[in-house]
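Asker: Since the structure of chain A is provided, determine the placement of chain B on it from the hints.
Protein chains in written order, with my numbering: chain A, 1 to 222; chain B, 1 to 437.
Read the hints as simulated data drawn from the structure, not as lab findings. We put the CB at the ideal spot given by N, CA and C, even for glycine. Keep in mind that a hint or two might mislead.
Claimed, not checked - Examples of chain A residues toward chain B, derived with CB under 10 Å:
id	residue
1	Glu-7
2	Asp-10
3	Asp-86
4	Glu-94
5	Glu-98
6	Met-105
7	Val-149
Stated by the list, open to error - Here are the simulated DSS-like cross-link-like pairs (lysine-lysine), alpha carbons at most 30 Å apart as the crow flies:
id	chain 1	residue 1	chain 2	residue 2
8	A	Lys-125	B	Lys-21
9	B	Lys-26	B	Lys-170
10	B	Lys-319	B	Lys-267
11	A	Lys-125	B	Lys-6
12	B	Lys-346	B	Lys-26
13	B	Lys-75	B	Lys-267
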Amino acid sequence: MGAITIEKADRLYWLGRYSERVYTTLKLYCDGYDSMIDVSEDFYVRICDMLEIPNIYASKGDFISRYGYDRSDPNSIISNLLRGYDNAIVLRDEIGTETLGYIQMALYSVESAAVSDAPVLHLQKAVDNLLAFWGCVDDQIDHFAIRGVMKFGKRVERLDLYLRFRQSPHELRRAYNRMLPRSRESRLPVNWAAMDELKELLQGEEIDYARALACLGRILDV
Amino acid sequence: MNDICKATGAINEQLARYGVKFGIYKNGLFNEQLFPFDAIPRVISAEEFSKLERGLQQRVTALNCFLADIYADGKIVRDGVIPPEFVFSSSGYLAQCAGVKPPRGIASHISGIDLVQAKDGSWYILEDNLRVPSGASYPLIARQLCRRASPETFRETHIADNRDYASLLKRTMDYVNTGGANVILTPGRYNAAYFEHSYLAEQTGSALVTGSDLFVEGDALFYQGMDGTKQRVGAVYRRISDEYLDPMSFLPESVIGVPHLYEVYKKGNVAIINAPGNGVADDKGIYYFVPKMVRYYLGEDCITHNAPTYLPYYEQDMKYTMDNFDRIVIKDVAEAGGYGVVFGDKLTRQQKEDLMALIRREPRRFIAQDVIDFIDIDIMEGDARVPRKADLRAFVLTGEDVTVWKSGLTRFSRNPDSFIVNSSQGGGFKDTWVLSR
Numbered sequence: 001m002g003a004i005t006i007e008k009a010d011r012l013y014w015l016g017r018y019s020e021r022v023y024t025t026l027k028l029y030c031d032g033y034d035s036m037i038d039v040s041e042d043f044y045v046r047i048c049d050m051l052e053i054p055n056i057y058a059s060k061g062d063f064i065s066r067y068g069y070d071r072s073d074p075n076s077i078i079s080n081l082l083r084g085y086d087n088a089i090v091l092r093d094e095i096g097t098e099t100l101g102y103i104q105m106a107l108y109s110v111e112s113a114a115v116s117d118a119p120v121l122h123l124q125k126a127v128d129n130l131l132a133f134w135g136c137v138d139d140q141i142d143h144f145a146i147r148g149v150m151k152f153g154k155r156v157e158r159l160d161l162y163l164r165f166r167q168s169p170h171e172l173r174r175a176y177n178r179m180l181p182r183s184r185e186s187r188l189p190v191n192w193a194a195m196d197e198l199k200e201l202l203q204g205e206e207i208d209y210a211r212a213l214a215c216l217g218r219i220l221d222v
Numbered sequence: 001m002n003d004i005c006k007a008t009g010a011i012n013e014q015l016a017r018y019g020v021k022f023g024i025y026k027n028g029l030f031n032e033q034l035f036p037f038d039a040i041p042r043v044i045s046a047e048e049f050s051k052l053e054r055g056l057q058q059r060v061t062a063l064n065c066f067l068a069d070i071y072a073d074g075k076i077v078r079d080g081v082i083p084p085e086f087v088f089s090s091s092g093y094l095a096q097c098a099g100v101k102p103p104r105g106i107a108s109h110i111s112g113i114d115l116v117q118a119k120d121g122s123w124y125i126l127e128d129n130l131r132v133p134s135g136a137s138y139p140l141i142a143r144q145l146c147r148r149a150s151p152e153t154f155r156e157t158h159i160a161d162n163r164d165y166a167s168l169l170k171r172t173m174d175y176v177n178t179g180g181a182n183v184i185l186t187p188g189r190y191n192a193a194y195f196e197h198s199y200l201a202e203q204t205g206s207a208l209v210t211g212s213d214l215f216v217e218g219d220a221l222f223y224q225g226m227d228g229t230k231q232r233v234g235a236v237y238r239r240i241s242d243e244y245l246d247p248m249s250f251l252p253e254s255v256i257g258v259p260h261l262y263e264v265y266k267k268g269n270v271a272i273i274n275a276p277g278n279g280v281a282d283d284k285g286i287y288y289f290v291p292k293m294v295r296y297y298l299g300e301d302c303i304t305h306n307a308p309t310y311l312p313y314y315e316q317d318m319k320y321t322m323d324n325f326d327r328i329v330i331k332d333v334a335e336a337g338g339y340g341v342v343f344g345d346k347l348t349r350q351q352k353e354d355l356m357a358l359i360r361r362e363p364r365r366f367i368a369q370d371v372i373d374f375i376d377i378d379i380m381e382g383d384a385r386v387p388r389k390a391d392l393r394a395f396v397l398t399g400e401d402v403t404v405w406k407s408g409l410t411r412f413s414r415n416p417d418s419f420i421v422n423s424s425q426g427g428g429f430k431d432t433w434v435l436s437r
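Okay, chain A solo, but in the shape it has when bound:
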């Protein structure tokens, strides 16, 4: 295997980001599903606010259906998974058929959940497949930079989501510290000044979430 092309590096990065986005929002969706049973009927409004996506949903039932499985909703879980799949499918030669298979399986799991009587139970399979996907990345991909780029994407996405979810400073610093070594391993053109600024912003107990998010958005020199 020779050098990774710029196009492939971009796709690896976004595969990492979308698979993490699906994984974390799936967990949020399942928590929200539970909460909306008898605790907070409008929990979905908070989810939309946190993710900064338009609340186009008429009710909690509409949210459960469309945010989970509607391909025409660009913010739905399945739309994000399809974007991950679109990146994965052109990376077979880099990540391998076995690894790619778990993204395919996650997609099948979400599709079968959509028509299931107990969708959240079926979604567990999607979570399992995404975890297996990352296990397979570690187990099957020898190329250091390929793993590095994907994991950097994953860690950037997690920090992005944690900032949106207003996670605690401790959790944010933890997410940042897990992202930092991946930024070096990826060999991508990282904006080190933005990395340093972000580190500063995550110190202390009062976090400026909006500024930190903006800073994270400048993390790559592209």
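Answerer: Relative to the frame of chain A, chain B by itself:
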């Protein structure tokens, strides 16, 4: 064997898991479809395969001689073996290739030869595919799953292992490589055979690239890494058509090719697999002349048999075509993938008259063939075994030697009344077992 049949559903699930699909455009929309696998294999005895192997090696050798000749001196035309109209008016003939010698003199590195077996056991060649024949990846990945489904079958039956296809392909690429990496050039994921492009790249350790990943600098071809490193490319297994390869030499509007690639190739600084211009040799009209090529170039009788074929271009064959219209199949030489194939007896009176008139106006555009009643092979439909028409695509790899892969893609029709087996027309596939003793 029964174990494998029982596992058909599970094997298909695994194929779905690994994204074994093909793309198809319908009404302007792209859809990915699973390629249905049937676990009952086509079985070819060692003796039968040995004969087929000799015939296919001979055929592909003659076709390579033809390609070398036709883009050099054109002796076969000058000697009157093939009329010039069939060569120079072929849409596959590229004037830009005249005088260009491919690395190591090989034009058709990967040849896909379509055959059917008649009910008397004889094999007939239906088509030679020398441009970008696809399909080897499907039996390759299916075999792996069948072995998992029924290890006993493979322990007890002496079946030639077909999992060497990737190493055969890599060896072929390495042999003509002019120095540098091997790459597989794909038009992208919306190509019908994208699964195959990506799978073969993975299996051969080649980089899967699109046109935008490659560039020409000086007299060489490169692709650029994300950190700015340049990697020289020595062999391009291209999975895009000739006309889209290089906008500077072929179709200027191509956005999936590599500007100046053909210049590098002409200088012998990169191999293109298969060579540009091969379409002239797999033209359905040229097919008629392959037995003559074998005799002309090799001085041997042709071992393989063409299906009885008539060229309306010749007066006698035109008469036969018109007199026997209800018993023949008409093929438009410009079409592929099962399109442009018309059975005379399936047409209405008006359609028949229109087609006959068209053939009279454009005789070079069509060939006529007697319909071969080829054998049925059983497939599983639910729990029942039902017979269906099936063909075989054999793969012949030409590098240092000419090797026939001991397997092949068996395609079958799922429609009981159809002879058309192409995946684009709803067909499925089977593994092909060549017995090793």
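Asker: None of the hints should be skipped; say for each whether it holds.
Answerer: Hint by hint, here is what the structure shows:
A cut of 10 Å between beta carbons decides the hint on Glu-7(A): the least distance to chain B is about 6 Å, and the hint holds. The beta carbon of Asp-10(A) is positioned within 10 Å of a beta carbon in chain B (closest approach about 8 Å), and the interface hint is therefore held. Because the closest C-beta pair between Asp-86(A) and chain B is about 8 Å apart, less than 10 Å, the hint holds. With its C-beta approaching chain B no nearer than about 8 Å, Glu-94(A) sits inside the 10 Å limit, and its interface hint holds.
Here the hint on Glu-98(A) is kept, as its CB sits about 8 Å from the closest CB of chain B, short of 10 Å. The closest approach between the C-beta of Met-105(A) and any C-beta of chain B is roughly 6 Å, which is under the 10 Å cut-off, so the hint is satisfied. Among the interface hints, the one on Val-149(A) holds; its C-beta lies about 8 Å from the nearest C-beta in chain B, closer than the 10 Å criterion. Of the pairs offered as hints, the one joining Lys-125(A) and Lys-21(B) holds, with about 22 Å between alpha carbons and a cut-off of 30 Å not exceeded.
This hinted pair does not check out: Lys-26(B) and Lys-170(B) have alpha carbons roughly 34 Å apart, beyond 30 Å. For the given pair, Lys-319(B) sits about 48 Å from Lys-267(B) by alpha-carbon distance, which is inconsistent with the 30 Å threshold. With a C-alpha separation of about 26 Å, the suggested pairing of Lys-125(A) with Lys-6(B) holds against the 30 Å cut-off. Restraint check: the Cα-Cα separation between Lys-346(B) and Lys-26(B) comes to about 24 Å, which is no more than 30 Å; the hinted pair holds.
Under the criterion of a C-alpha separation no larger than 30 Å, the hint pairing Lys-75(B) with Lys-267(B) is consistent with the structure, at around 24 Å.
Checked against the numbered hints above, the structure violates hints 9, 10; every other hint is satisfied.
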